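Visitor: Residue-level listing of the chains:
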Amino acid sequence: MNMFRLLTLLTIAISLVVFVLNFSKLMPNVTDAKVNFRYYCAQCHGLKGKGNGPNALKMMPVDPRDLTDASAIGKLSDNDILRVIREGGSAPSRSTFMPPFTKTIPEIEIMYLKDYIRDLCKC
Amino acid sequence: MRNILLLIIIQGFFASTIILTNSTALAGSQEGMGFFQRKCSACHEVTRPKDDESLLSRMARKGPSLRYAGSKFKKGFIEAWLQDPKSIRPLVYSSLTKANPGKHLRLSNEDAILVASYLEGLKANSFKVTGLSPKDNLRGKQIFSQRYTCYGCHRVRSNSTITGGLSGPSLVGAVRRLNPDWIYAFLNNPRAFRPVGAMPVYAGLIKEDDLKALSRYIASFE
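In order, the protein sequences belong to chains A and B.
The working numbering numbers the first residue of the first sequence as 989 and each following residue consecutively.
The working numbering numbers the first residue of the second sequence as 163 and each following residue consecutively.
Here chain A stands alone, though its shape is the one from the complex (with noise of 0.2 Å):
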């Protein structure tokens, strides 16, 4: 093996680790979606999102959605579900006790955010 071919070897061994030691500095920081839905929507949806969480009270005028009911959240689609975590309840002309997340939850974990319902749900 000549003296190149030996140098190229080593520099690509010693990028490929410092690739890896620095590779969860390089990529964004993800949070799982339960961590999410645990944290922010949990609040008033119930840490199960049968929608009985603290903020879910008999003296509100609205009570949180059911995320759990297939027969309610099976009728909306991808992008309702989508539209009401950005943009809260209003977007859809119903309640503003539904916040809007756009400027909380990176888009990246909406997404995750949506899967995490539509499993809720099984729909």
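It should be emphasised that the hints constitute simulated quantities derived from the structure, not laboratory data.
A hint or two may mislead.
[To be verified] Okay, the calculated beta carbon distance ranges per label pair:
#1 T325/B x R1026/A: 22 to 30 Å
#2 S219/B x K1063/A: 35 to 43 Å
#3 S322/B x K1038/A: 31 to 39 Å
#4 K1046/A x S216/B: 31 to 39 Å
#5 R338/B x M1099/A: 38 to 46 Å
#6 K224/B x L998/A: 30 to 38 Å
#7 E370/B x D1066/A: 16 to 24 Å
#8 M1099/A x S270/B: 28 to 36 Å
Computed from a predicted model, the values in this text were never measured in an experiment.
We put the beta carbon where it would ideally sit given N, CA and C, even for glycine.
Put chain B on the given structure of chain A with help from the hints.
Guide: Chain B only, in chain A's frame:
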């Protein structure tokens, strides 16, 4: 000559009074810091978390950050509250299921003065004092009660009853607790105060004038 001498004596008296007052306050603040580190720091942090703080790390906290307490709370509030702590949050911090038992440490007058002296010195870098005053106003009320229905998460007084959700800190008595300028600064740029928080970010969704009206409205809550 006699007048000049008199003037020097008077100036010296005032200068020594100022130095003595400042050094007394500093000593009180340092003693308060020591007390805080021994008794309070297990639940309250006073340093800025990492910008990439995870939600899991945030949820593991036992109490709110007091890193900018001097900007957030009105002067005198901390000292009075520490002697008669009434729960601000209906639920245990970071919990969605446990009611706050209201068992916060109660301090003596002497200790409360020391700790308050320390905490009131903790200011937010991004905080600007603009002289915003509390004011019950229609625009703020419309945003709070209808456009974004903030009482979905925050307790408020409505006539003689207390209403509102349980997940956020109560806003009952905000007029005695929160600086209007801080409310505005927080709503305008919450990430300047904390990398992540359970309250959605409204900056960019509400116009600056409306944010000010909302801040003044919240700051007027009895």
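Visitor: Work down the list of hints and note, for each, if the structure agrees.
Guide: Evaluated hints:
1. Checked against the hint of 22 to 30 Å, the pair T325/B and R1026/A passes, with Cβ atoms roughly 26 Å apart.
2. Judged by the Cβ atoms, the range 35 to 43 Å given for S219/B and K1063/A holds: they are separated by roughly 38 Å.
3. For the pair S322/B and K1038/A, the supplied restraint of 31 to 39 Å holds, since their beta-carbon distance comes to about 33 Å.
4. At roughly 35 Å, the beta carbons of K1046/A and S216/B sit within the given window of 31 to 39 Å.
5. At roughly 43 Å, the beta-carbon separation of R338/B and M1099/A lies within the given 38 to 46 Å, and the hint holds.
6. Restraint check, K224/B to L998/A: a C-beta distance of roughly 50 Å breaks the suggested window 30 to 38 Å.
7. As the Cβ distance of E370/B to D1066/A is approximately 34 Å, the hint placing it in 16 to 24 Å is violated.
8. The given range of 28 to 36 Å is broken by M1099/A and S270/B, whose C-beta atoms sit roughly 53 Å from each other.
Consistency note: the structure conflicts with the earlier hints numbered 6, 7, 8.
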